[in-house]
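Got chain B; can you put chain C on it based on the hints?
These protein sequences, in sequence, are chains B and C.
Just so you know, we're using this note's numbering here: the first sequence kicks off at 1 and counts up by one.
Just so you know, we're using this note's numbering here: the second sequence kicks off at 1001 and counts up by one.
Hints in this document: simulated from the structure, not taken from any laboratory.
None of these values were measured; they are calculated from a predicted model.
Heads up, the beta-carbon is just placed ideally off N, CA and C, and yes, glycines get one too.
Incorrect hints may have been included.
What the hints assert, rightly or not - Heads up, simulated EDC-like pairs for lysine to aspartate or glutamate below, C-alpha to C-alpha not over 20 Å straight-line: (1) B:Lys234 x B:Asp133; (2) B:Lys224 x C:Asp1149; (3) B:Lys224 x C:Asp1223; (4) B:Lys241 x C:Asp1148.
Claimed, not checked - Selected chain C positions facing chain B (in silico; Cβ < 7 Å): (5) Asp1149; (6) Phe1150; (7) Thr1151; (8) Asn1212; (9) Val1213; (10) Ser1214.
Stated by the list, open to error - Computed footprint of chain C on chain B, listed as stretches where at least three residues anywhere in the stretch have a Cβ under 8 Å from a Cβ of chain C: (11) 102-114; (12) 231-238; (13) 250-259.
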Amino acid sequence: MSRGYIVIAQNNNEFDYLEMTYALALSLKATQRENAICVCVDEYTKGLVQDKHRKVFDHIVDIPWNDDAGADNWKIHNKWKYIHMSPFDETIILDSDMVFTHSVDHWWDYLATKDVWCCTNVKTFRGEDVVDDFYRKKFTELELPDVYSNFSYFKKTQPAYEFFRMVELIMTHWNVYYDKFLKGIGQNWMSADMAYALAIKLLDIEEVVCDYDIKDVPTFVHMKSHVQNIERTKIDNIWTKSIPSELSDNLEVRIGNFVQNLPVHYVQKEWMTQEKIATYEKAVL
Amino acid sequence: MRGIILFARNNGYVDYVKIACASAGYARKNLSEFDEICLVTDSASADEHPELIKQYFDRTIISDNFQPENTRLFKDTANSPEYASFKNMGRSEVYELSPYEETLVIDCDYFIMSDTLDQVWGSENDFMINYQYRDIAGRHGGNVSYIDDFTIPMCWATVFFFRKSEFAENLFNLIIHIKYNYKYYYALYNCSGNLFRNDFAFAIALHMLNGNVSFKAPSLPIDYLNNSFDLDDIFRVNSANDVIMYCAKAETIEEHLLSRFTNTDLHIMNKRAIERNVDTMLELGETL
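Pulled out of the complex, with its shape left as it was, chain B reads as follows:
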């Protein structure tokens, strides 16, 4: 049984997702025994792939059936295609703006007890459980499963295909599903998390693909500013303006004096600098 991580990297005018994915891949190589990574790219991003990327990306896959994201800057529209793009029997979905800090290899066997396992518990930089629904009012209002699409696990089984089929329907007919099921407070734009949550709800599989009792697997540190258990008025919307952080030469990620030992979703794209990438390269290559 092959295992690996999958990421969609689609550059836009603003951010270099390919470079972020490169840093993520290096962090995987540095910390994980299971470190294979499949990077899914559109035509434009494919043209930017260099030899250094090919050295650390185990698979580079074209996003199939056209690019659903089109001209949108926030390219999340292809996130139903993971199961079709993954070369692995078992896959964990990641976002480009993540890094790994310590081994989570031991999570795989545990995740393998389900066909699909969606992450429902994330942490602050201090390791506390995130309880604030600042960015998730609609989830609360509509009692949607509190899932995070990144760090979702799936294996290529019938239930997993059915789940991604539902996500596909929602994403490709967003307006219809939004009007019928998602109207109300909070966001009206499509997000992968919301599409996954609605798919789980419509298929009535929350108890199958989520486990709210287990707070520590799968999980990651989610660096959105207003879930850090810090008063709203005291932290900038861009967390890097409020909380000091660093990547040390031994690849230790420190945020606010806390050494991070979980995968970190740093959110602020500018956090991943060329200097940090060079640190990873020096350690890994």
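Only chain C this time, still in chain B's reference frame:
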């Protein structure tokens, strides 16, 4: 040997030694599983109340270590705030000073009014301290404070337990290091103010000693500290486990609510309030 240690050094503003005697009397009255109660003080403070100290303490340790100038604001309810020196630098030396295998350290303004802390003796933990507190007046909403909004949780060095062990030795060595370099660590951890605080030093040391990851040391048997802040006052002391407090209202701190506390350990931070009642407290406590 199991011992309770109180630190008290008079500063010309508060008679800490007398307050410590009252606190020791309460501890002796309400706890039973310890062997000794010990006062750590300096020569000048010890000379102020030699007879009283003999009555309340099994042992006195004189530590005349230099105390750098540390000044803090003392309040007596919302009135008469005054600055005075604050000699709190000795606490980190307790590992070396303690003659006991198991030591419970309490602030001299911490009044043991229940037998809960008897549960610390024989604990498998090398060190125990609380991270949570409750404001008896309810003015402070949360029960966990951070040293700073962006950094580590604060612990309360008002009461802690340790046993002679490698962990505790390392911890206190680190606290001493932080004490002598506290301006650096204050900057590193965004600590507010210039006053050296044991609470900060303990929290930083515990954080560092555990690899700078999310960590909390084991708590004392009741996992929070009952704090009466210095805006509160004592209305009446009924017995060694019964006190009625004036609790300053959240909305108007000049106004108070009467609240009675029985069989509840209490950290009373208004030193003037304690001094006004200290003779009664000395009478109600137990002597040797």
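Worksheet item: Taking a Cβ-to-Cβ distance below 8 Å as contact, does the segment 231-238 of chain B have at least three residues touching chain C?
Response: Holds: 3 residues of the segment 231-238 of chain B have a Cβ under 8 Å from chain C.
Fill in: Given pair status - aspartate 133 of chain B, lysine 234 of chain B, alpha carbons within 20 Å
17 Å, holds
Discussion item. Is the interface hint satisfied for serine 1214 of chain C? The criterion is a beta-carbon contact with chain B at less than 7 Å.
Written reply: For serine 1214 of chain C, the interface hint holds, since the closest Cβ of chain B sits about 3 Å away, which is under 7 Å.
Worksheet item: Taking a Cβ-to-Cβ distance below 8 Å as contact, does the segment 102-114 of chain B have at least three residues touching chain C?
Response: The restraint on the segment 102-114 of chain B is violated, since only 0 of its residues have a Cβ under 8 Å from chain C and three are required.
Worksheet item: Given asparagine 1212 of chain C as an interface hint, is the shortest Cβ-Cβ distance to chain B below 7 Å?
Response: Holds. Min distance 4 Å.
Discussion item. Please check whether phenylalanine 1150 of chain C passes as an interface residue: C-beta within 7 Å of a C-beta belonging to chain B.
Written reply: 5 Å, holds
Worksheet item: Is the straight-line distance between the alpha-carbon of lysine 224 of chain B and that of aspartate 1149 of chain C 20 Å or less?
Response: Between lysine 224 of chain B and aspartate 1149 of chain C the Cα gap is close to 15 Å, so the pair holds against 20 Å.
Practice prompt. Verify the interface restraint on valine 1213 of chain C: the C-beta must sit less than 7 Å from at least one C-beta of chain B.
Written response: Result: holds, 5 Å to nearest chain B Cβ.
Discussion item. Checking hints one by one. Is aspartate 1149 of chain C an interface residue toward chain B, by the C-beta closer than 7 Å rule?
Written reply: With a minimum Cβ separation of about 5 Å from chain B (threshold 7 Å), the hint on aspartate 1149 of chain C holds.
Worksheet item: Taken at face value, is the distance from the CA of aspartate 1148 of chain C to the CA of lysine 241 of chain B at most 20 Å?
Response: Given pair lysine 241 of chain B, aspartate 1148 of chain C holds - Cα atoms ~15 Å apart, limit 20 Å.
Discussion item. Check the hint pairing lysine 224 of chain B with aspartate 1223 of chain C against an upper bound of 20 Å on the C-alpha distance.
Written reply: Violated, at roughly 30 Å.
Discussion item. Can you verify the interface hint for threonine 1151 of chain C: is its Cβ closer than 7 Å to any Cβ in chain B?
Written reply: Constraint on threonine 1151 of chain C satisfied, holds at 5 Å.
Checked against the numbered hints given earlier, the structure breaks hints 3, 11 and satisfies all the rest.
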